[in-house]
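Q: These are the residues of each chain, in order.
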Amino acid sequence: MGVDADRRIHGPRPYALRVLWLYGRMLGQHALARLSYETDFLLTIGASALTQVLGLIFLGVVFSRIPSVRGWTFWQAALLYGLLLEVRGLAAAFGEGAWSIGGAVARGELDRLLLRPLPVLVQLYGGGLGWSAIADLGLGAAILAVAGPHVAIVWSFGTVAALCVALPSGAMVYWSAMLAANSIAFWTVGARGTVAFLLHGVSELAKFPLPVYPRLLAGVLTWCLPFAFLSFYPARALVAGPDLAVWLSPLAGLGSLLCAWLVWRAGLARYEGTGS
Amino acid sequence: MAAIEARALCKAYRRPLRAPGLSGSVRHLLRPRHQDIVAVDHLDLSIEAGEAVCYVGPNGAGKSTTIKLLTGILRPTAGTVRVLGRDPHRQRVANARDIAATFGNRSQLNWDLPLGESLALLRDIYAVPQGRYRQHLRTCADILGIDAFLSAPVRQLSLGQRVRADLAAALVHDPKILYLDEPTVGLDIAVKERLRAFLRQLHRERGLTIPLTTHDLADIEDVCDRLVIIDQARLLYDGTLRQVRDRFARERVLRFVVRQPDRADPAGILAGCGPVRAAWEGDTLVVAFDRLAVESPAVTARVLRAMDVVDFHLADAGIADVVRRVYERRLDLAEEGGQP
Amino acid sequence: MRAYAAIASRQFQSALQYRGNYALGMLSSLALVLAMFFFWHAGFDGRSAIAGYSWAQTKTYLLIGYLSANLVATSSEARMSESIRTGNVLCDLLLPVDFQGARLSEALGSVAAQGVPALLVTLAVAVAVAFSGVLPPSGIGAALGAAVALGLGVVLKSAIVYASALVCFWTTNYVGIAWSRAALTNLLCGALVPLAFFPAGVAAVLRWLPFAGITDTPARIYLGQLVGVHAFLAVCLEAAWTVAVLFGGRVLWRAASAQVTIHGG
Ligand SMILES: Nc1ncnc2c1ncn2[C@@H]1O[C@H](COP(=O)(O)OP(=O)(O)O)[C@@H](O)[C@H]1O
Ligand SMILES: [Mg+2]
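Chains as they are written, first to last, in this note's numbering: chain D, 8 to 283; chain Y, 539 to 878; chain X, 13 to 277.
A couple of the hints might just be wrong.
Not everything, but these chain X residues come out facing chain D in the computed CB check (under 10 Å) [what the hints assert, rightly or not]:
(1) A43
(2) L46
(3) A47
(4) D57
(5) I62
(6) A63
(7) W67
(8) S192
(9) N198
(10) L200
(11) V239
(12) V241
(13) L245
Calculated from the structure, these hints are not laboratory results. Even for Gly, the Cβ is constructed at its ideal location relative to N, Cα and C.
If we strip away everything but chain D, and leave its shape as in the complex, we get (with noise of 0.2 Å):
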């Protein structure tokens, strides 16, 4: 058998660079075999896609009874719960990978993916893609153009500026809540999600403006569960305007960031496989 001697090697050379172009090139392999399976497929889209609609009937129920609750009308929540959907979606659909860690710390899992010379992270969420995240992101883009033409937007090149920061940052908050939430199974191994979805649960207090909550609530979700980045400040922002909140909102995105890195890092060091 003669030397083969074709020495090219596929991608980008440096390391950053090289690891990012391989996360895409998961995505793409799994995108591939993903779409084999057409039924999975469509059923987490229509099950997104009607979660999503049944929340929006039920405001449309709560605003039918009440023309406005603390001075927001039905169309300005309607926007509000639009930027949610795009945010979460936005988050999700690079987040998928977080749901993962359970099943592969209970499994044993995570050991293929020590043995390989990537970041374990990066692997992880090279897993897949957050398909449900379609719905929501289709339908969130619906709801904004529908809602948008009956909320007197303030729109400046302020306004613009401030989303541009804003939703990124509410993504990013989610996303790490999401990333925390499930490394938790490092902690207690078969919680499979538990944490996660509790999180999501809180998250959904974002679907309603932040003056309907208590001070106190209005507080935590603001400085320590920072989901009203996910809604609420992009869209009061749009309604009256950017104020300091939604030019903030950066430190929360990467404040949320760091403390998921961090409770990453301590549970994969606790990480013990499973006996063979």
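Following the hints, complete the assembly by docking chains Y and X with the ligands onto the known chain D.
A: Showing chains Y and X with the ligands alone in chain D's frame:
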């Protein structure tokens, strides 16, 4: 410097202590208690580059745990590990480029993807040049026959195919060390043979360092030149295979089936051969002796001359026998190590 | 019967096993009910009644909704999907017990583990907010009737959860299924908004659907809005739906078990 160097290596798992039944669950809920399970206890091990080392021990002895410590999957509770000069846990990524591992009972491949795609992804993860990758695929096709199922999703492979696929995947990046945890478990004889042939070739021709654990003692004799026995987290024996064979696997048994046996004491016939033990089992004369102290032809010649032998059979105690005796605590290799 | 009791008790134990898990599951639903509570509190600001409900009645209704929503754990969906994914379903199928019976026993086991403390929390919350006026049952008959309806609702909801969990035979994504199932039942049973708040025609239709039995029927009996023959008929409808959903689950299961061979590699 040895390729793999472990010093006083320890690993203890924490396991929740819970009394059985409902009340136990409730009590654990209120006051959780834990127990430390020592899986590896002050292990000292040094493996040179190019060695094939067989790691045996009963279930739960701590073999897999040791492998996980050496590959960097687990962090040691105490002690140090150096693999190619690195700490495999702290320098996980760097270490991962140089090693590979397969765990017999669980695939390292992605369940949903076709094998070919998984291999291509590994090629890119390890930045393997295209030419070398193609060559690797050819080798694997020739020896392991993986070309037959390259396009099937891994979940659809049979166990034999999956194990071969795992091996092909482990070797994509041409690792310097290949850890194998029970590589032949559950395989049929043909696949086992194929696998062993491949491992032998990797070891002899490419000089790959292969630490492997197994329960199939044929793996040892076929692939390895060194034997490490552990039990209950502790090292029982570490030495070359030849040493073990020459020291402890020296018994040879000859069985002669005799027509119309008189069942007389055979000691007279065999006098002069040296120290032998002989006894009748029905119409079969069984003669056992140390193969280094007594010459088989001498024994055979005497028996053939004295009796009407219709058939005969020779058996040597193998490594399997030695290991069994060690497990059963009937043989202490370390203590008897000094004697011939 | 012993086998089912054993399964229920096993489930009870495993629900208790992870105490963090356990407390958090309850907190999670508490977060949601608090959100609703505050939202309606804000909504009632400056109003004495919405759709004929006073704030006190709404509050009471929501509390019953919280209770009914938490008596049945969603974990049975997670468990089934998991066992299907890992192939354990084959082992489950080999057990000499009825599959649906086993799953329902599990659900009831979780009710004991998760539901009973939820009841305690509910009572604590009720006591805590009692000063702002959660209403007592409108009478002894109403209290008994509500208890019967609520108990029946537990079986009904378990049956619904079971049927929806069977969808896991066709998908690997139980999280999505569980969420949309929860969204559907919670909205249509009244756990989020009293059914009376829907437009009148819609509310009437919803009361004929199986979901109403979970929250709306017990809540209205409790509040004295359904009395006498009407209450009796509503409970009969609930019972009929329970039987129907159980039966539907069987049919679905038969279709689903044909899938096992396909997924089971
Ligand atoms: N992740 C784990 N958590 C707790 N105990 C474990 C774990 N893995 C292995 N053990 C225990 O450690 C001991 C050694 O296990 P292992 O290394 O798998 O043995 P072997 O591979 O020799 O059969 C056993 O008693 C096993 O039960
Ligand atoms: Mg093992």
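Q: So, for every hint listed, does it hold in this structure?
A: So, going through the hints one by one against the coordinates:
1. The interface hint given for A43 (chain X) is met, as the beta carbon of that residue sits about 5 Å from the closest beta carbon of chain D, less than 10 Å.
2. Interface hint at L46 (chain X): satisfied, since its Cβ lies 8 Å from the closest Cβ of chain D, which is below the 10 Å cut-off.
3. Annotation: interface hint on A47 (chain X) holds; nearest CB of chain D at approximately 5 Å, less than 10 Å.
4. The beta carbon of D57 (chain X) comes within 7 Å of a beta carbon in chain D, closer than 10 Å, and the hint placing it at the interface holds.
5. Hint status for I62 (chain X): holds, given a least beta-carbon distance of 5 Å to chain D, under 10 Å.
6. For A63 (chain X), the interface hint holds, the least distance from its beta-carbon to any beta-carbon of chain D being 6 Å, beneath 10 Å.
7. Using the Cβ-Cβ criterion of 10 Å, the hint placing W67 (chain X) at the interface with chain D is not satisfied: the shortest such distance is roughly 12 Å.
8. Proximity of S192 (chain X) to chain D holds as hinted, the smallest CB-CB distance being about 4 Å (cut-off 10 Å).
9. With 10 Å as the threshold, the beta carbon of N198 (chain X) comes within range of chain D, its nearest partner Cβ sitting at about 8 Å, so the hint holds.
10. A least Cβ separation of about 8 Å between L200 (chain X) and chain D falls short of the 10 Å threshold, and the interface hint therefore holds.
11. Taken as an interface hint, V239 (chain X) does not check out: its beta carbon lies about 25 Å from the nearest beta carbon of chain D, beyond 10 Å.
12. The criterion of a C-beta within 10 Å of any C-beta in chain D is not met by V241 (chain X), whose closest approach is roughly 29 Å, and the hint is violated.
13. Interface restraint check for L245 (chain X): the shortest CB-CB distance to chain D comes to about 25 Å, outside 10 Å, so the restraint is violated.
Comparing the model with each earlier hint shows violations of hints 7, 11, 12 and 13; every other hint is respected.
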